[in-house]
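Whole structure, please, built from the sequences with the hints as guidance.
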Amino acid sequence: MNAVWRQARANLRSRKLQTSLIFLTLAASALLITTALTAYFAGTRLYDQLMARTHGAHIVLSAKGDLVAPEELTAAVQANPDVVEATAPRTTFRFTLIAPNGKKDEVIVQDLDPDQKIASPWLVEGHLPQPGQAEILLDRNLAAARGIHVGDEVTLLAGERRNHFTVAGTFVTSIFCAYPGCRPARAYLAPGALAAAMQKEGVKPESWEIALRLRHPQQAEAVFRDLLQTLPQGGVEGYTWLKIRRFVGFDVRLQAIFMLAFAVLAALVGGFLIANALSGALRAQTRQIGLLRAIGFTNGQLAGVYLSEYLALGLVAGLLGMIAGVFLAARLFADLTARYAAEPVHPPLGVLAATLAAVLVVVLLAALLPLRRIARLDTVTAIRQGMEPPRRHRARLLRRLPLPVAHGLASLLATPTRSLLTTLGLAVVTLAVTVALSLGATVRAFADDPQGMGIVPDAEVEVIAGEGVSPESLLQAIQSRPDVISYACQAVRGVRLAGESDTIYPRFLCGDVSLFDNMLLEGRLPQADDEATAAYTIAREHNWHVGDAIRVVVDDQTYDMRLVGIYRDMNNVGQMLILPYHPFFADKPPRLFYLRLSPDTDPHVVLAELQQQFGEGLAGEVVAETLRNADSGQNVGAMLERTVQALALLLGVIAMFGVLSSVSMSVHEDRRLVGILKALGMTPAQVVASILSGAAALALIGYAAGAPLGVVAARALFRTLAGQVGLGPIPVPVDGRGLALLLPGMLLVAGLGAYLPARRAARQSVTAILRDE
Amino acid sequence: MPTLQAHNLHKTYRSDGVAVTALRGVDLSLERGEFVAIMGPSGCGKSTLLHLLAGLDTPTQGEVILEGQPIHALSESRRAVLRRTAVGFVFQAYNLIPNLTVADNVDLPGLLARSPAAEVSQRRQELLTLLGIADKANAFPSQLSGGQQQRVAIARALINTPTLLLADEPTGNLDSRSGNEVLALFRDLNAQGQTILLVTHDPKVASFARRVIFMRDGVFVSQMQPRQQGDPSQIISQLVEVTL
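Those protein sequence lines, which keep their order, are chains C and Y.
Under numbering that gives the first Met the number 0, the residue at position 329 of the first sequence is numbered 328, and the numbers go up by one with no gaps.
Under numbering that gives the first Met the number 0, the residue at position 16 of the second sequence is numbered 15, and the numbers go up by one with no gaps.
Hints may contain errors.
[Said to hold, decoys possible] On the chain Y side, residues computed to face chain C include the following (Cβ under 7 Å):
(1) L73
(2) E75
(3) P108
(4) L111
[Claimed, not checked] In silico lysine to any residue, SDA-like type, Cα no more than 25 Å apart, as pairs:
(5) C/K15 <-> C/L281
(6) C/K15 <-> Y/S14
(7) Y/K203 <-> C/R770
(8) Y/K203 <-> Y/G171
(9) C/K242 <-> C/E84
(10) C/K102 <-> C/I463
(11) C/K15 <-> Y/T160
(12) Y/K203 <-> Y/G145
(13) C/K102 <-> C/E471
Since the hints were derived computationally from the structure, they do not count as laboratory data.
These numbers come from a predicted model, not from an experiment.
Virtual Cβ for every residue (Gly too), placed ideally from N, Cα, C.
Written out as structure tokens, the structure is:
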């Protein structure tokens, strides 16, 4: 074993360039795998930690104040044998929160209970609201999105009453909303302050909320279903911790998927590099292998020499890449940890073990084929002849192409396996960059025309009648405005699908529903009272098709509906329906309206005039600006685009390593040939041109193979992802300009990789080569 | 004007930090149509001199004038371009390109010199016929004997009709019969006006030249003109004298 290792170490040292390039590539792969896997698990791990820290609730039940008495809720919970702990029913009330910058958000507010043992808010900054003080504790993610800081003053609107509070601190919570972009967010007031804030004739507690912990948390869904069956139909809704867990860290998981894909590609290119380097080493050391065999090395020991070289290299590179990955992950996901006020993200041990195993598997697989050469080698021939010369095919191209180019191409054909592996590396990188370009084009298409992907209704302004605003008056005001061409209304409330316990929150539409037409994938929006349109994801999960019958339960009433269309909706991970407003809300007027304005109307003016007319109780936004809000999908896309571009760049560097390694080996092997050609009159510039033209040919073939595959892969990948997030099939534009620029880019990568060895070849002294013969 | 002139040529190599002087002041003048052999023991600087004369390397000191051009002062690229047309080089180890056919090997310098392909092809046919290997045009070097390979190398060296044909131990790898055939070929080429300079340590080879220069320790020590081409006895006597 000692002899094997000693020989392996000597071999590694004798091929410093190849060793360094393989080392860097494997380390980069390990870094990416570590970071990607860390990211993939980080969201849920951080949530699990938060659950543990806050003694989180496994189920939260919310009973409607006017339908279910708190005692009834408590009795049902206490009767369930799986429940091991529960809070007392606690009053919750929805307010409109006005930030110092005037932005309005709905918030769910509770009194802070200092003795609360389950799902207590986890203080991130500041202090808890003190009794007797007009202080409020705000959700950290809402505060960050709206630019609210500790010490700022915010207003809670309840009917006509304006309550002013100082932000005492911010918190994170393991119950809704545990992730950015989740609305409505939560807020806590000092004990007893809630009753005072909502004090107004006719205003009742909106709901009672109770949080439970279970004996078997993984069975939360089943327990939830049991509990709902024992409570008045339609009077209670809620959610389990497992449902929140599905939502958290979604954007990071999306990044992780891309990173993992690129890590696999990087490892693949690394594998090609190893296979090439090992083949080259075996060729160059043919005589040495013969000699080692002659002095008693077995085939197994010889294979061991080379395998141990690369396994050792893989082990060290993998470990260093992993360490770098740990630091990178902690830095990359600092924002994610801040969401949960958590410690820096560290990869689980399993991730580290998987990373190392992946790197070593790549090394093993890449080494297997070249190592078969050892067994096939004849000892006597190996000692006598040494390296077998490259097989050169008769270069018929000689007469048709300039000589340097013909020579460069002939060199590629002389080592077909090496050329193939290098080309595959370049093709893989072209594919990856094409995917990155397609992602960029898709994100830009979304930014330019979000409605083209059905992200928002085709409306300029969204207005919400908050507390103190009469919806009827608002509707009248909208109808009387000459600059409003049409309007649609929307309401959201919880419903269940018959036979299922999960609450879903459909959009109930009225008015000019054609404003939502751009969201349609198939069929149409509801026009009759018994028609429904389903979001892509929920339809796919239930295998619904247009024309199918579905049954929804609202309160204690069952409605039979006919599915008339499928639409895109990313909300609630696609668990959405569109239902007609009036059958479900009877004579209750809608509070949220989307307005389509006449051309040349400034939506800001319309919004300002309506807000002036109705006061602070009217919340509203210009729809296009909503898209620019920090939580929008566009920003997730832009973040993803940046990540993918960085990864593509890294792969480009790895591909350059591949070309550098491959050309270096060829230059070394072709040393004598170059010497002869120079003796016959080939100039140094022609030698460089010859080698560069070979590399360019590889890049061209790699591009021709990788670019179309990249377009196809991008379409398949993005459409799958879009399906997962509820968008359904989306247009994935081809970035023609980017693809056109990619060709010179890949030529540049190949050229840069080949230039140094080419220059070395050009500078070789003919006399030194001839003297060495 | 002489085809080739060398004045006060010095060449010192550095090998592992140690300076090795191969040439210590060589003067040479070669007239058009001459056939000169440089003789000397291994390591006396023969091949180094040949490389300097062909522009494959540059002297540490001194100058080389080929066809009126100071090749010692030219860039490597300019030397390469000059070499294509002015110099033909025949190596001891043939140095044919194994994956090219005989025809392609011979054509290579012609194509490098950007001569019209048809002209190159015609010249190649003439040369292969002259050298007696016309039937081997489509063979690969590995399918030929040593003598035949060296004939291909000579044809390659002559494809651009060079002013000067340089040969480094051209029969060193050949059996005596093949060697004699190659030397007879050189003699015939010289008879047709080709200027030839070859280096060898073999008196028999040198005896085919019209002028033999003896070299020792990097300098020319004497020269002679063999009375009868192909008879090495006179050269051997001179060599013994020089060596002692």
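C/K15 paired with Y/S14 [C-alpha distance capped at 25 Å]: With Cα atoms ~23 Å apart, C/K15 and Y/S14 stay inside 25 Å; holds.
Starting from C/K102, check that the Cα of C/I463 is at most 25 Å away, please. Status holds; Cα separation ~13 Å.
Quickly compare the C-alpha distance for C/K102 and C/E471 to 25 Å and report which way the hint goes. It holds: about 24 Å lies between the C-alpha atoms, which stays within 25 Å.
Per-residue hint verdict: Y/P108, partner chain C, C-beta under 7 Å: holds, 5 Å
Holds or violated: the hint that Y/L111 contacts chain C, with Cβ atoms closer than 7 Å. holds, 5 Å
Could you grab the alpha-carbon distance between C/K15 and Y/T160 and see if it respects the 25 Å cut-off? At roughly 45 Å apart (the allowed maximum being 25 Å), Y/T160 and C/K15 break the hint.
Can you verify the interface hint for Y/L73: is its Cβ closer than 7 Å to any Cβ in chain C? Status violated, d = 11 Å.
Proposed proximity, C/E84 with C/K242 (alpha carbon, max 25 Å): holds, 20 Å
25 Å limit on alpha-carbon distance, applied to hinted pair C/K15 and C/L281: Measuring from Cα to Cα gives roughly 15 Å; hence the hint holds.
Chain C contact restraint for Y/E75 - C-beta distance below 7 Å: holds, 6 Å
Is the straight-line distance between the alpha-carbon of Y/K203 and that of Y/G145 25 Å or less? holds, 19 Å
Under the criterion that the straight-line Cα-Cα distance not exceed 25 Å, is the pair Y/K203, C/R770 satisfied? Since the Cα atoms of Y/K203 and C/R770 sit roughly 24 Å apart, the hinted pair holds (cutoff 25 Å).
The structure shown violates the earlier hints numbered 1 and 11.
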